[in-house]
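Q: Go ahead and model the full structure; you've got the sequences and the hints to work with.
For reference, the chains in residue letters:
2 protein chains.
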Amino acid sequence: MPTLEVCFSPSLLHLFDCNNKIVVVIDVLRATSSICTAFAHGVNTIIPVATIEESLSYREKGYLVAGERNGEIVEGFDMGNSPFSFMGEGVKGRNIAITTTNGTQAIHAANDASKIVIGSFLNLDVLSEWLMVQDADILCLCSGWKNKFNLEDTLLAGAIVNKLRGDSGFDIDCDSAIASEHLYLKAKDDLFGFLENSSHRKRLKRLNIEKDIYYCLTPNTCPVIPVLRDGALVKL
Amino acid sequence: MPTLEVCFSPSLLHLFDCNNKIVVVIDVLRATSSICTAFAHGVNTIIPVATIEESLSYREKGYLVAGERNGEIVEGFDMGNSPFSFMGEGVKGRNIAITTTNGTQAIHAANDASKIVIGSFLNLDVLSEWLMVQDADILCLCSGWKNKFNLEDTLLAGAIVNKLRGDSGFDIDCDSAIASEHLYLKAKDDLFGFLENSSHRKRLKRLNIEKDIYYCLTPNTCPVIPVLRDGALVKL
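In order, the protein sequence lines correspond to chains A and B. According to our numbering, the first sequence holds residues 1 to 236 in order. According to our numbering, the second sequence holds residues 1 to 236 in order.
Quick caveat, the hints were computed from the structure, so don't treat them as lab data. Certain hints may be false.
Because identical chains cannot be distinguished in the list, a pair is counted as satisfied if it fits within a single copy or across any two copies.
Here are the simulated lysine to any residue pairs, SDA-like style, with alpha carbons at most 20 Å apart [stated by the list, open to error]:
1. K163 - N220
2. K146 - L15
3. K235 - E129
4. K92 - D173
5. K115 - A136
6. K61 - T51
7. K115 - T45
8. K146 - D173
9. K235 - V133
10. K188 - S85
11. K188 - D17
12. K186 - K235
13. K146 - T3
14. K188 - L15
Source: prediction; values computed, not measured.
A: If you want it as structure tokens, here you go:
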């Protein structure tokens, strides 16, 4: 029976065995939401890069350069981390290099996995249905905030656990998965309200991105599954 | 306003600043429950030690030697980690050296704290009331299971958050604390049932210690506050 686990932080990932697992990288606010948005709007590939310097080297190759540090756009970049900047004619058919405080770091941390896919509320159902038929062990990796546990990533992990429980026959013997699902069930009717007091909501409130948050918590607007292939994210 | 935070694992403790904080070490099943039991039954001091070898060196000094690895008593030790072995005439007035898989390791991990106290459901109310009047930042440190998140320690952290919220004026701007409290509120009417499917419950079920678990989840049977002084736990 395949296992379904949740890891609350890249700092805890060494306690899990990623080998032969599908790792779902989650950074709801906002990296993985923006990545799903991009592919739903016709972006070609997205390279997750660790540093600002590395991002800039992609510009010379014709890439758009996207990223944030501490929630704010990096100076000189084409776009920050707002999902709304990953839409429209300007991105269609383009390649993007992206670096963020949490999400892209988590993608790199999981490099032992047999497959890395990108999760957000925006692709929740299509991703869950795909995971359900892979017959593989699954680990949801929450990016957190600078490696600390965060609520919004946990809620999405809990939503995935909730979708995969039941007839699908996953062995859910992981306290983080059980806790995530409890929290999701408590929050699901009003994700926005549930997160009202979370630390990241407060942090982002200062940046005036309420509209981004509302968008990132709205399920199933981007039915795509971004997957990492040879260091680049592409649409499955 | 003093802060109240929860850290889900000793592996995440480096992300928190322990300086000038009171750290509440939590290992519900069973180290911190056994430590509270011991002091409620007249034990004099308890030395948390990291290794089995170090424990044995205390035997020569007249200490009782207690400890477990993977839930089972260490060969040659006077007692394991069951709270029931920390009761009765045999322990009264004695000194104990204890080493466990998770709890004593967490105590050592928090050595930057201004004060380290021991939390369990057994001393929940008396500990919370004491914390409330200290006018100090508080960090609840869950021992987890081999550094992974676990549910039972999280529930106690959530119970403490719930007690300290309200009029006491703590600043609770920590997602782990918010999540812990939600989980506690969901579980509190039947902690035993809530943990039925948790990984540690399953692990310990194999060891036939249902009675221990039931005891460890019963609030307020041991109104003591164990505090670390010069490397030894004593009753406050």
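Q: Compare the structure with each hint and give your call.
A: We went through each hint and held it up to the structure:
no., hint, in the structure
1, K163 - N220, "within (13 Å within a copy, 38 Å between copies)"
2, K146 - L15, "both (18 Å within a copy, 8 Å between copies)"
3, K235 - E129, "within (16 Å within a copy, 54 Å between copies)"
4, K92 - D173, "neither (42 Å within a copy, 39 Å between copies)"
5, K115 - A136, "within (10 Å within a copy, 46 Å between copies)"
6, K61 - T51, "within (17 Å within a copy, 55 Å between copies)"
7, K115 - T45, "within (16 Å within a copy, 51 Å between copies)"
8, K146 - D173, "between (27 Å within a copy, 15 Å between copies)"
9, K235 - V133, "within (18 Å within a copy, 55 Å between copies)"
10, K188 - S85, "neither (27 Å within a copy, 44 Å between copies)"
11, K188 - D17, "neither (30 Å within a copy, 33 Å between copies)"
12, K186 - K235, "neither (32 Å within a copy, 39 Å between copies)"
13, K146 - T3, "between (27 Å within a copy, 19 Å between copies)"
14, K188 - L15, "neither (29 Å within a copy, 29 Å between copies)"
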